[in-house]
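Enquirer: Position chain B against the provided structure of chain A, taking the given hints into account.
Protein sequence lines, in the order shown, are assigned to chains A and B.
Under my numbering, read the first sequence as residues 1 to 109, first letter to last.
Under my numbering, read the second sequence as residues 110 to 442, first letter to last.
A hint or two may mislead.
Said to hold, decoys possible - If you anchor each label on the Cβ, the simulated ranges turn out as follows: (1) B:I329 / A:V102: 48 to 54 Å; (2) A:T25 / B:I170: 31 to 37 Å; (3) B:M324 / A:H92: 31 to 37 Å.
Claimed, not checked - Here are some chain A residues pointing at chain B (derived, C-beta under 7 Å): (4) E46; (5) T48; (6) G72.
Hint data in this document are derived by calculation from the structure and do not stem from the laboratory.
Every residue gets a Cβ at the ideal spot worked out from N, C-alpha and C, and that includes glycine.
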Amino acid sequence: MNIENTKAQMRKGVLEFCVLKTLSTKDKYSFEIIETLKKSKMLVVEGTMYPLLTRLKNGGLLEYRWEESTSGPPRKYYSITEVGKKFLEELHSTWSDLNKSVTALTKKS
Amino acid sequence: MNTTFTIHLAHTLFHIDSDAYALLKKYLNKLEKSFAQTEGKHEILEDIEVRIAELFSQYAIRDGYVISEKNVNDVIEILGAPEDISEEETSEESTKSNAQKKLYRDTDERIVGGVAGGLGHYFGIDRVWIRLILIILLLSSIGGIVFIYILLWVLIPEAKTTSEKLRMRGEPVNISNIEKKIKEGLNDVTQKVKNVDYSKVYDDFLKKNIKFSEMVEKLILLLVSIARKVIGFFMILFSTIVLIGLLFSVAIFGFFSSIEIPHEILFLTMNTNLPLWTFALLLIFGVGIPFTFIFVLGLQLLTSKRKLMNNSTKYTLGVIWIITLLLISFTIA
Chain A
1 MNIENTKAQM RKGVLEFCVL KTLSTKDKYS FEIIETLKKS KMLVVEGTMY PLLTRLKNGG
61 LLEYRWEEST SGPPRKYYSI TEVGKKFLEE LHSTWSDLNK SVTALTKKS
Chain B
110 MNTTFTIHLA HTLFHIDSDA YALLKKYLNK LEKSFAQTEG KHEILEDIEV RIAELFSQYA
170 IRDGYVISEK NVNDVIEILG APEDISEEET SEESTKSNAQ KKLYRDTDER IVGGVAGGLG
230 HYFGIDRVWI RLILIILLLS SIGGIVFIYI LLWVLIPEAK TTSEKLRMRG EPVNISNIEK
290 KIKEGLNDVT QKVKNVDYSK VYDDFLKKNI KFSEMVEKLI LLLVSIARKV IGFFMILFST
350 IVLIGLLFSV AIFGFFSSIE IPHEILFLTM NTNLPLWTFA LLLIFGVGIP FTFIFVLGLQ
410 LLTSKRKLMN NSTKYTLGVI WIITLLLISF TIA
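So that you can see chain A by itself, here it is in the shape it has in the complex (with noise of 0.2 Å):
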């Protein structure tokens, strides 16, 4: 058993999650999600970003458009879509589900 798959594992579930949350309020291009997640500590590399954007784009959750930016290449500029808001919401309650048993479980032991 390794310690580290096992941290990657949990952080993995929750990082959907908290890609929609972050894209509720306001579209952002692929970094600035990349830099929210990283202050609240939720990312280590960056690179884990891009398969999870394009697997929830892929999925019908998020969808793009391109702008032009005025220092380096054009950005991806990431937005939620109806099936997508669904999906946080559901996600939502499962982790405050979650969120309550744990908590209690780790109160008794």
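Expert: Structure of chain B alone, referenced to chain A:
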């Protein structure tokens, strides 16, 4: 001394020294490998390249700045090692799931619902054979297979995630356990048909928003696409036979001429003084070109690729053909 390269990353130009270039190339290659099984691989790699370009342009504020090995190392540290980025499960888990192969639909390379691809993966044979069998069944069973196909389409889940795709592909199958797999597979399907909760399937249908009209539309599209494939198949078959026949007859022409049989025996050449090789050439062009067109057209129908021959080739062949026809009509008359 160090050589400097100029590279394009995400349409931006960078100067980079040879060590840094080698490192970057190695990194990108490794990334490509680790995403080999992932859906949307090109898009992911493109996104990463764009990000690398963005980071590079932060270093290269000054014109003519040469990206160094240290810069590339920094970028790799920010983005993460390929092992960390990839979404694949750890090797321990994936080998375990590989051992147990599951039946999924392969929607990545589907024509209709990805059933043939999924079955192909499951039995470890090329999907082309499954499709061929389906077409033959379609022709011989007067459409009964369409119903079975739709049933399979509904029953077999789609391989969405990477682990599902890995499980769908499974380990390479050898002949001895193909038989086993077929038995298992049949059991699976019969079990599934028995266990199916029909009201739930109906609900799923509604949930997936496949309304009746959409089903009909899908069915029509399915029939059209099958018809295309069948027609394409026969066009290829027909034209291949003609082309092979043509080659043989030309070869026989050559044979006869070499053993000096008088011209008069070969019909059509009777009224002409043309040498035989010219006639053979006319024959090749006159018959070969239209059937090559039929062949290509059939191939287009079968593969649903739009362009297999560019316009200039088409026009050139067309002009040659018309000239050939004119020549033939002159020589025979």
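Enquirer: Are the hints correct? Go through all of them and say.
Expert: Against the structure, the hints:
1. The given range of 48 to 54 Å is respected by B:I329 and A:V102, whose C-beta atoms sit roughly 51 Å from each other.
2. At roughly 33 Å, the beta carbons of A:T25 and B:I170 sit within the given window of 31 to 37 Å.
3. For the hinted restraint 31 to 37 Å between B:M324 and A:H92, the CB-CB distance of approximately 34 Å keeps it satisfied.
4. Interface restraint check: A:E46 against chain B, minimum CB-CB distance 5 Å, threshold 7 Å, status holds.
5. Hint status for A:T48: holds, given a least beta-carbon distance of 5 Å to chain B, under 7 Å.
6. With its C-beta approaching chain B no nearer than about 4 Å, A:G72 sits inside the 7 Å limit, and its interface hint holds.
In summary, the structure agrees with every hint in the numbered list given earlier.
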